[in-house]
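K.L.:
Single-letter residue listing:
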Amino acid sequence: MLNFWKSYVVILLLCLGLLAFADDVKHTNNWAVLVCTSRFWFNYRHMANVLSMYRTVKRLGIPDSQIILMLSDDVACNSRNLFCGSVFNNQDHAIDLYGDSVEVDYRGYEVTVENFIRLLTDRWSEDQPKSKRLLTDENSNIFIYMTGHGGDDFLKFQDAEEIASEDIADAFEQMYEKKRYNEIFFMVDTCQANTMYSKFYSPNILAVGSSELDESSYSHHSDVEIGVAVIDRFTYYSLEFLEQIEKNSTATLQDLFDYYTFEKVHSHVGVKTDLYQRNPRHVLITDFFANVQNVQADKRSEENIEESKYSNDVLTNNVLNLAAERESDENKTDVRESYNNSANHFIKTHKLNNAITDDFSISYKTRIFAMSVVLSLFACVYLTKGVKAPTTKQQLFYI
Amino acid sequence: MPICNNNLRLLVGLCFVGLYLLVGVPLWYNLTAVYRAPLPVEYIRSLHEQKFHDVHMVIPVYIKSIVYRFPDVHEAVQVQVNHLLNSRYQFVPWSLQVLPHSEMKGPESENHVISLVLDDFVGYSISYSSKETTVFFDDRSVISNDVPFFVAQTIIEHTFTLELEQLSSDFSRKHETTAISYNPNIHLSVSLLTGDGYPISWEIDSALKEYFTPLRKLLSPLVNFTVDTGITYYNDLNLHILNESQSVTEQDISHAIDLSELSSMNYFEEPVSLNLAIIFPSELTAPSGLQFINNNSTPEDYGNNWKSYVVPQWGVFVINKYPLQRDSKLTGSFLVPIMYQFANDLFQLLGLAKNSGDITHPGVTIDSFKRWTTLRNINKAEETLWSLVKLANSFEQMSIPHEVLTNTTAALDLRLDIIDLLNDPKKGGDLLWNQALALSNQLVKLSETAFFHSEMVQQNFFPQEHKIAVYLPLLGPSSVVIFFGFIKLMKERNQNAKAENEKEDKDSQKSEPSNSTEK
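As you go down the protein sequences, you meet chains E and X in turn.
For what it's worth, the numbering used here labels the leading residue of the first sequence as 752, then goes sequentially.
For what it's worth, the numbering used here labels the leading residue of the second sequence as -8, then goes sequentially.
Next up, chain X with everything else stripped away, as it sits in the complex (with noise of 0.2 angstroms):
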């Protein structure tokens, strides 16, 4: 009978350990395993660290002579082209295809252009609307056969300097605080704002469709503008501290203004907003006006009673120096010269020009900015990839959805479809530049998506302590009734193997004198 209880609990302790092997284990490993997408990481590495290499932007050029007929001039402008290019580092490759007049294709203003023109001098002049460069030579420039060179440095160091400054270095933003981070969706939020309750009106909506509506369309293939307006009683965003002041710094306005009631970007969809606000001061704390707005203007002199600031990637504010008078109007006349003001400034706080006002020609510059934000939406779509393999990397623990995968493969090949476009020397135009643009925006997107994919957050660190905690209470009950059980189990065989030894000793005890009674 204790044999037959021995075996069977030798059975069950067997079944709970086959539980644990056969069950057990590979259903921990089931709900324990984190589900990790096999990422192109080798391919995103290389990327990494052979940027561009894959690029070659070409830029079709077409030259076309007034006066005099020059059959070959593309081509030998071509040589002076590719000797100047190759002269420079260029972080990402580019260069330039010259070809003939008669070659281009779609309309002259969607391509660039270059004019010879038979004049008294050399010299040059790029056209502010549309992407002509007229390039001036006199007779003794093509007796001594400079006009290729002249053309070629014009082209280079004017009309695309854009290009040859910035694809020359990598795309850091060190020392670029005033701009806006590109982003193609961008909301406008233009604010009257008065320190009095006084009930005013404006014209605003004449004046935005007038004039605002003409540069949204221009800036279209760049930026998709939204726009809001409002007026804002009771608030002179905190300038009545400096009225007493007669010589006011960018400091000291820095310090009072307070635009926190103007910077809340959570009513917008857009991800990136910028401001223009319009402040009159209260009639209460500044009945005879800001002293530190152009002292000598008068009430009546409306186009200097206000001074413009620019607020780095924030946008525009407008002081008036006088208080607005009750049941006030502001008439466009009152406006159009503020809004050509916020036109230049908007230049600045997109990107498109160092200084406000610096743009000399948009036309050129516009297309210009087009090919090096492409570039720089490659390469921050590259840099967001390189992120996520570091990290899926580094956090072990971290799952990495099969929707990670599928955007990064989307991405990647977005990214060859864009750089077929850039490499290809027989497309050009604003069609061209719009697509890979457009395609670029997308690239982003996409890498972003990939990176912040929702399921990709866990707390990454477990303490010892805490696997304890939670595999113990777990295990702990049924492992220690098997492990005393086995003990036992062992101890009474041991017992059992004693007992028996000691009864066949006690056994033969007993036989031994028998057998030397025998004897």
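Bound-form chain E, shown alone (with noise of 0.2 angstroms):
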């Protein structure tokens, strides 16, 4: 009896939970924007840090047409690179981030702030192409992943400018206002990086950042071989935990969260929550970081198999009949209208051969009237020059 009550408390909570997550899921379609704002060798793992999140996300199924890669991609093929072409984020060289396809849609000095504020704006010039452009909607959830080097409230773009909080902050309004995303998923890793979502206030917003201010944010470990760090202590928790994730992981984004101790990330991980409207323990890891699209079968019984099957008997209601039905009379119509257009031309050849008709019976009497005024002329000048007097040779031979 125990058992009985405790299966049955199970289950519905377990129903509890499907509807709980049911209900809150309205995302269509994923998104990620993944950054690294820094260049130069010494910030490879800036670059490992945005390539580990590629991958991430692209073996858990978001499309390269909806990644915007943004990336200096300048460690690859730099001189000083031992393993020409390719990039690891961890000493053991298990993994060649850079050996999978890879479209960076951004490189070396594309990766602008204005570009980046342009890209989330969608506020471009018509030559755009499509690949480099977020083309989404109200139905989008958006994870974007940004790492680099940054102080309070600030994130440098490659040594040459720098993006304030309150840009990015602009730029979400601006999204938010055009309907451009369903929920946002903000990560970032950089010195100081709770400061750059403080200035957040657009709805639907759930950030995360390494940092919080005046704390620095640190590498895990350095590669000998290599010569640098190759990868940041927040992102490589982060890749940690979304290694075990699959399409079908019930994994939820507290966990993640729960995931960051302090004697792993070495700083105090932030978590802005106040914007967002679902609770974190509800949110699937996958409703940000794959693309799991809903799938709804075909509601065809054996009776509509059968049917589809000699469904292109004219007389079954279908709208593929409906539109040869409408075809072959528009056909029809068209032989008619031709038929009619033929009668017309036939008509306008009649009217043609009258009046060619006309014409001739015109240049008939006009020929009679022209011979009879010859004639005339003939016939006046003969009678006033008279008869003409017979030659000698005709007087000799014929009198």
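What the hints contain is simulated information worked out from the structure, not anything from laboratory work.
Zero decoy hints are in this set.
Calculated Cβ distances over 12 angstroms to all of chain X for the following chain E residues: (1) 792; (2) 910; (3) 1008; (4) 1027; (5) 1031; (6) 1119; (7) 1126; (8) 1127.
Below, in silico cross-link-like pairs of lysine-lysine (DSSO-like), each with a Cα-Cα straight-line distance of 30 angstroms or less: (9) E:883 <-> X:436; (10) X:371 <-> E:883; (11) E:907 <-> E:1023; (12) X:381 <-> E:950; (13) X:208 <-> E:881; (14) X:501 <-> X:489; (15) E:881 <-> X:436; (16) X:381 <-> E:881; (17) X:371 <-> X:381; (18) E:930 <-> X:436; (19) X:458 <-> E:950; (20) X:208 <-> X:345; (21) E:930 <-> X:42; (22) X:42 <-> X:381; (23) E:777 <-> X:345; (24) X:371 <-> E:930; (25) X:200 <-> E:1050; (26) X:298 <-> E:1050; (27) E:883 <-> X:381; (28) E:777 <-> X:436; (29) E:998 <-> X:298; (30) E:777 <-> X:42; (31) E:1050 <-> X:208; (32) X:381 <-> E:1023; (33) E:777 <-> X:298; (34) X:381 <-> E:777; (35) E:930 <-> X:345.
All C-beta atoms, glycine included, are put in the ideal place defined by N, C-alpha and C.
Once you've looked at the hints, go ahead and assemble the two chains, each given alone in its own frame, into the complex.
P.N.:
This is the structure we're talking about:
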């Protein structure tokens, strides 16, 4: 009896849990914006951070067309790189992050503050290719990951410029106003990272940062052969957690947040939830890091299958039959119209014939008139000059 | 000599100050002023706050009686229709103009026609192919004068059911996740995928020409389809991992299937794309077929060897049970049932039907969808312009180019043109609704061009430190020289004044003893 009640309660809780998940899921597509704001060899780890995230979201099904990768891309083929054409995020060199097809959308000096803001707000000139645009809509969940060198309320872009937290907040507001997202998950790994989301004010944004104000973010470990640090601590432990995730995983974002501890990250990870309507405990990791498409089976019963075999029968109600019927009607109309047109042509030709006949009659009369005029002229000449007198020869032989 | 030098220095200082004020300040103002075109803010605000206040869509309906002659039936039906519509809440005001059949302009197939037919029972029937609604009535209903009410109820609750449902609430699509967002240009990608690398072919060209081209023409007032086809080898969308499972749920398939290779929209010009993927498993991974597709079917039973699934806002994929043999050719007879199924799904993906195959009278539904989409487009354009105004007010440093104003004005003018078309009770028929829809698409484009203007991007936030960092090196060197020169000048003046005073004092002290001696 006790077992029965236990199982009943478990089933009830499971149903409630499923309902809680089912109620909240509104998105139909997932996008990822992955930005490495650093360049140069000694920032190898930032490139590795971003490429690791790229590999993860791609593994979980987000297509390349829905991943925007901004990367200076100057380490894989750097002359200091002992492993030419490869980027690793671990000293065991188990995974070559640059090995599979990597589609970098913005590389080198294209990684600018202006381009990042343009990307978010989709304000481009007409010749901007679709592959470099964030074509999201109100059903899109967007995962935004940024890494680089930052400070209080700013993040440096390639040692040349910096983006302020207010700029990102305003860009998100513009996205919200134009219904360009359903939810945003913002993750930033940089020094004083939590200040980067402090100015956000648009709804449905969940943010996590690696370190609080006046606190540094640290690298995880260095690779002796490569000679520089290969990954940051916050990203390392994020990936360690995400490697366990598959598309059918039920792990939630709260599980990810709980995974970060000071002992692991060596800084205080911050989470901003006040703008986010859902409880992170009910938000699946796959809602942002994967592209899980809902699938609905067509309700084709056996009868329908039988019917479909013969569904090209004109009497069956199907939109294809209707379309075919309309087309045949139009063709009949076309034939009729062409017949009518030909009749018209015939009429015109007939008129033309009449006209030609009339012309002929006119010309005939004209000719008779002209001939009569010519003959009358000859007659006049003949009468005025009289009959010529016979010549001597005529007189000699005929008279 | 020192006095002359001081005057010169004073003159130079004054020249610099004059230069700052007369040249520097205007130059600084002109170079840093942000051009903000004056948008018609109040008008757009009123459109947002009083949505559709100037819209009253009128749909003409022509009524004819087959047996009896009812000379005033259209007036009686009009009264009942007005009563029924007034009893419902309307987010967008709309009404029907009931007219006698003799007043119809244009062909009957392009207008809504109500035929009254005497029968033994009371009922209705809506034509599958045309926009004709037949209302059956009996003699009792004529005697009790119920015919006008029957007609009014039929046309409002059944013929114009889409208008009745959709125009009673705002146009938020919170619960709509299957259909794509409406766009007049859609790309359709038809793919054949096989898990093996054997050469295969399919008669897709003739099948599309025979079956899909008429459908494209039928839907052409709504959507312009472009189509591409292709065969992909060695790709079964990862379905082989479900091979051993006997019972597979929709959730299992959604977790297993990998649509990423088919989801690229980047190669097409159209902003929206739909997919139809026909998938065959590999001989290596599923030599005896996928177990979860119709267990009882045999390889010869082609009709039962496949199952189709709808992916919201993506398209349809068809999973075949058995792998393709070497050098197979998919004939039209195999593709035709798939085309029929896809046609039903397409209506669901376009938002014309709630469920696949749920469309009972497409002629009427397509017509209603045109009107609904026109109104949604108007709403979308208004919302876009309102967002533009809000952002322009929020970000005072954001420039608003003149082109934005031009596009905004053009959009507002076009909106009025469309509303004139919708409100005119004398106009109706396919041509009108097609024209209104085409103009509304143009309206959306204009409003979005205004909103997404490429020059309306800049960093809005400039910290104070940045301003100091910019202006200090610019103004610092000259200002410091002038400032310290001015201080030095003042000091020298004070010193000179002191020296003069002391001199005067000394002079006066010197003159005092002589005076005393004089005394």
